[in-house]
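**Q** Each chain, written out:
4 protein chains.
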Amino acid sequence: MLRFGLFGAGRIGRVHAASLAAHPRTELAMVHDPIEPAAHEVAALYGATPTGDADAILGDPGIDAVVIASPTPTHVALLTACARAGKAVLCEKPIDLDLARVDACWVEIKGLNATVMIGFNRRFDPTFAEIRERVAGGEIGRLEQLLITSRDPAPAPAAYIASSGGLFEPYIAEAGDVDSAVVSMRGAGGELCQITNSRRCAFGYDQRLEAFGAEGMLTAGNQTATSVRRSGASGTETAPPYLNFFLDRYTLAYRAELDHLVICMEQGLTPNPGFADGRAALVLADAATESMKTGRAVRTDS
Amino acid sequence: MLRFGLFGAGRIGRVHAASLAAHPRTELAMVHDPIEPAAHEVAALYGATPTGDADAILGDPGIDAVVIASPTPTHVALLTACARAGKAVLCEKPIDLDLARVDACWVEIKGLNATVMIGFNRRFDPTFAEIRERVAGGEIGRLEQLLITSRDPAPAPAAYIASSGGLFEPYIAEAGDVDSAVVSMRGAGGELCQITNSRRCAFGYDQRLEAFGAEGMLTAGNQTATSVRRSGASGTETAPPYLNFFLDRYTLAYRAELDHLVICMEQGLTPNPGFADGRAALVLADAATESMKTGRAVRTDS
Amino acid sequence: MLRFGLFGAGRIGRVHAASLAAHPRTELAMVHDPIEPAAHEVAALYGATPTGDADAILGDPGIDAVVIASPTPTHVALLTACARAGKAVLCEKPIDLDLARVDACWVEIKGLNATVMIGFNRRFDPTFAEIRERVAGGEIGRLEQLLITSRDPAPAPAAYIASSGGLFEPYIAEAGDVDSAVVSMRGAGGELCQITNSRRCAFGYDQRLEAFGAEGMLTAGNQTATSVRRSGASGTETAPPYLNFFLDRYTLAYRAELDHLVICMEQGLTPNPGFADGRAALVLADAATESMKTGRAVRTDS
Amino acid sequence: MLRFGLFGAGRIGRVHAASLAAHPRTELAMVHDPIEPAAHEVAALYGATPTGDADAILGDPGIDAVVIASPTPTHVALLTACARAGKAVLCEKPIDLDLARVDACWVEIKGLNATVMIGFNRRFDPTFAEIRERVAGGEIGRLEQLLITSRDPAPAPAAYIASSGGLFEPYIAEAGDVDSAVVSMRGAGGELCQITNSRRCAFGYDQRLEAFGAEGMLTAGNQTATSVRRSGASGTETAPPYLNFFLDRYTLAYRAELDHLVICMEQGLTPNPGFADGRAALVLADAATESMKTGRAVRTDS
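Chains as they are written, first to last, in this note's numbering: chain R, 81 to 382; chain Z, 81 to 382; chain U, 81 to 382; chain F, 81 to 382.
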């Protein structure tokens, strides 16, 4: 049984706490949050110990690993401290909003041989993972176009946006009010990728993907809580809004993500996505921000 | 150019008039209806001659063929007269509500070698015809279950129901109020067939089919006028109601039906479905009525 | 924590064992199976005690409740013994294949005030339960037609069929080879219900429902493991076969079923569906069998 | 009855010939093509007069209007000559590949008060037109994102590409090999629009649209010739490939387009889209080409 500490008892921290409790080979041992009532509340749900002192986790030799689900500005310090303390780390994205700090962090930890995983949860979603695998298996021939739709059901609370890094995580928050965005990219192999984002969506959490290749197309449609469809005088074959399903959309993905870390710890493997993937996402976000500001296409080498 | 006479300038008569006008090798020459303004109105649309006298059509040697779209009680007399007059006939279903009269009609006309087609329009619907062809081609293996859904968008006018023959055409109208029905049949090969009917449907004209076989299934879903789908706060992926599409659902089927008759006339072939098919439908309707009244399964030999 | 004993370590027993292990307020304490290696295997998965002696469960005062997932012929005896021993019971359907035995069982247990639930898992399926609730809430007006499709992905093993009671559970197994069936029923309110069954289905586990009412329709379509759809030269918008999803289709339903029993036990409520529901299903199955044999509609009063 | 001349007896010319023959108030009088057998073939289909001499149409006072469906390089000269000859004109897009020539053409004809319509057929597609109308009617609130997918089923013949103007009609053909493209635009109101193109598509003619607004979304999916869907061991709910439907996808649009011109001629109205719309499309195509070459966003003022 691997014993975990959790940093952050907010919305995403609770998702991780539930995953840790549900996994047959992990145990949520301690929950840290500077807002102690939050730490107490989450700890109580799963029989863990709450704390307001990060060192209580860092210094406990019985803690094997940590999940960092605290606000973004705390990620680098916690990740560095955990790596030094010999804990395996699952750190929520982004690592930081500043590439220089990310690189400095890497200098600190690269010699420690630490197990570090960055929480790109969508990669563990069964639907998206299946598409990736089938594309890699050649089912649609050469990948030529990739279209991603990601629209949030409603704007996140203002406090969250302030430290989230904006749509082009992590840099453009300071640019102000980007609530609708299209990002166009061209991959090393010439494939075109476009991402359509919106901070709100009247019909729920709109999460789709379309992979178009020389020999066919694979798509991921939205998912609904049940397969009920309604037909009536005002319309037919109506699916429910995706809104109520929002909290559950990525539950399985978070569980698969944790399971991957557990297997890596048990078998001495390197988690994927790792630190370099977290850095690469930041490079792309910086490029998108620069492109938006300058009106020019930007080349990245990562 | 084949010249046609039309009996009946009501709703279904107008559908046939439009098909006759649109076909490149037919011409609507005369329109008969005892309600002369109706005959005038339809004739005027297509440059035909209106008449209130059926003999004007029967006696005109320039008329090659007729479409009988008048009320059911007139079908047998008109069909017999037209066959005697050497006209090819496309007669709307049912031939009559009384099997004895149908058989008597056959005695009258069988020696005349007349070209007689009965208007089972659904057999010419591209979707249903495709399923029939693919099933016959072995695509789903042995056919085991066939489910048909046929729900009308709204009750037909009372006058229409009075002479229509009811849901189990043509006999049960006198039984009164059958507005929702399920018919279960077993075919000679053991295949199960069930038909679900309703005289009204809140969301339009519900016309579906499901053919289930040992190796797969072919289904025919409803069709909508456009492919527009709406997502909003009250539901997602909503198709339009089928109601507005009602008038057009079988337009192509009626045109293909006419085209079949034209080809048979041009090439000296026997139309299919013919008189025997019209009789067989009546036998099944009688059996359904008897089964409903007696609560027993009924065997037919046709 | 409620402690459960499980009778039967076969396919369905394992489903219940997993539900018991996953529920936060239940514990799988003992597993009985006359085939002791099966009992050992399932018990080992969840840290329970295996046994080949049913009395080890019946006589253990620390066991609060049992799940009866053993072969049908053992249900009545186990259900009676458990009720006498003061255990709450969740018994798989059918109670028995013989209505007289079922009624005799009721005579034995009705005075014991036992908590007895019969395992009609589909009633706890989120999709079917939602339709039932929305219909009851008046969303589609008066219910007029109910169509149920239930096709198994592949024939069950011969040994299972021999004691399962056949498609019209529980009586018609002796009739032999009913592998494709349509059942038509009319409810007390005049609503028509038809059930379409097949023992095999080339494209997986086909579980659908259509509730048609005066003001609209609610349908439950099939569900797929992911929302991936494929388009290629041989076809477009292809969903995966339902086969691989078969094991998971009713996982949530079994969990909700158990949760209902737990809540009833904790709060002193009577479970629903109870013994009378199990009896009613048998009455309907007998009627279907009689109808098939006699070719007549059969009236039931239950 | 309006009498039309047709320039061009190729693929698109034949589509217009069929529309002219089917419209109740137009007549195809003459067909011009420098390849005289082509002119003869199309003329023979509809009882028109073939010619290899454009002046035969221009100089015939009995011709009310023309459709210009000849190769792009001939459009400006024909359009100018027809306007001078007092014919109403429906000219296929693009007007020309060179904005200067387009503007010179306008100088020639603007004083003639000619009836000029440019053939943007998609605007008359019932599905796309319905979305435009419903968006304009406020159904989805403020339009925020518009996504257009347009993938051809297979590369057009090389000769066609050479004079077609490329994906960014009309300029980039000389850039060579653009067979996959994404265009991102921002409208005057801040709305984001992206177009995804491909010169080939393994599963047919992929024509979709997604209009996302503050209060909902309207989408146009692909259309299939029939509503048949297949389920089998290798997949479920499979629609046919869109390929065979390609020739018919815009048939109704071309007919509605012609009908619009007819109504404008009959009622003395100005057709929409007109010459200015044809020019605007060229301005956008030039901007896309420039953006691709420079890697910079380009502002247009049209």
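Treat the hints loosely; a few may be bogus.
Where chains are identical, the list cannot tell them apart; a pair therefore holds if satisfied intra-copy or between any two copies.
[What the hints assert, rightly or not] Restricting the straight-line Cα-Cα distance to at most 25 Å, the calculated cross-link-like pairs of lysine to any residue (SDA-like) are:
{"#": "1", "residue 1": "190", "residue 2": "144"}
{"#": "2", "residue 1": "190", "residue 2": "271"}
{"#": "3", "residue 1": "373", "residue 2": "272"}
{"#": "4", "residue 1": "173", "residue 2": "192"}
{"#": "5", "residue 1": "173", "residue 2": "317"}
{"#": "6", "residue 1": "373", "residue 2": "224"}
{"#": "7", "residue 1": "373", "residue 2": "223"}
{"#": "8", "residue 1": "190", "residue 2": "302"}
{"#": "9", "residue 1": "373", "residue 2": "92"}
{"#": "10", "residue 1": "373", "residue 2": "81"}
{"#": "11", "residue 1": "190", "residue 2": "223"}
{"#": "12", "residue 1": "190", "residue 2": "98"}
{"#": "13", "residue 1": "190", "residue 2": "299"}
{"#": "14", "residue 1": "173", "residue 2": "354"}
{"#": "15", "residue 1": "373", "residue 2": "262"}
{"#": "16", "residue 1": "190", "residue 2": "364"}
Worth flagging that the hints you see were computed from the coordinates, not collected in a lab.
**Q** State for each hint whether it applies.
**A** Against the structure, the hints:
no., hint, verdict
1, 190 / 144, "within (19 Å within a copy, 55 Å between copies)"
2, 190 / 271, "neither (32 Å within a copy, 44 Å between copies)"
3, 373 / 272, "both (21 Å within a copy, 16 Å between copies)"
4, 173 / 192, "within (21 Å within a copy, 59 Å between copies)"
5, 173 / 317, "neither (38 Å within a copy, 32 Å between copies)"
6, 373 / 224, "between (28 Å within a copy, 20 Å between copies)"
7, 373 / 223, "between (30 Å within a copy, 23 Å between copies)"
8, 190 / 302, "neither (39 Å within a copy, 49 Å between copies)"
9, 373 / 92, "neither (31 Å within a copy, 44 Å between copies)"
10, 373 / 81, "neither (49 Å within a copy, 58 Å between copies)"
11, 190 / 223, "neither (34 Å within a copy, 48 Å between copies)"
12, 190 / 98, "neither (30 Å within a copy, 42 Å between copies)"
13, 190 / 299, "neither (38 Å within a copy, 49 Å between copies)"
14, 173 / 354, "within (11 Å within a copy, 50 Å between copies)"
15, 373 / 262, "both (14 Å within a copy, 20 Å between copies)"
16, 190 / 364, "within (22 Å within a copy, 50 Å between copies)"
When held up to the earlier numbered hints, the structure conflicts with 2, 5, 8, 9, 10, 11, 12, 13 and fits the remainder.
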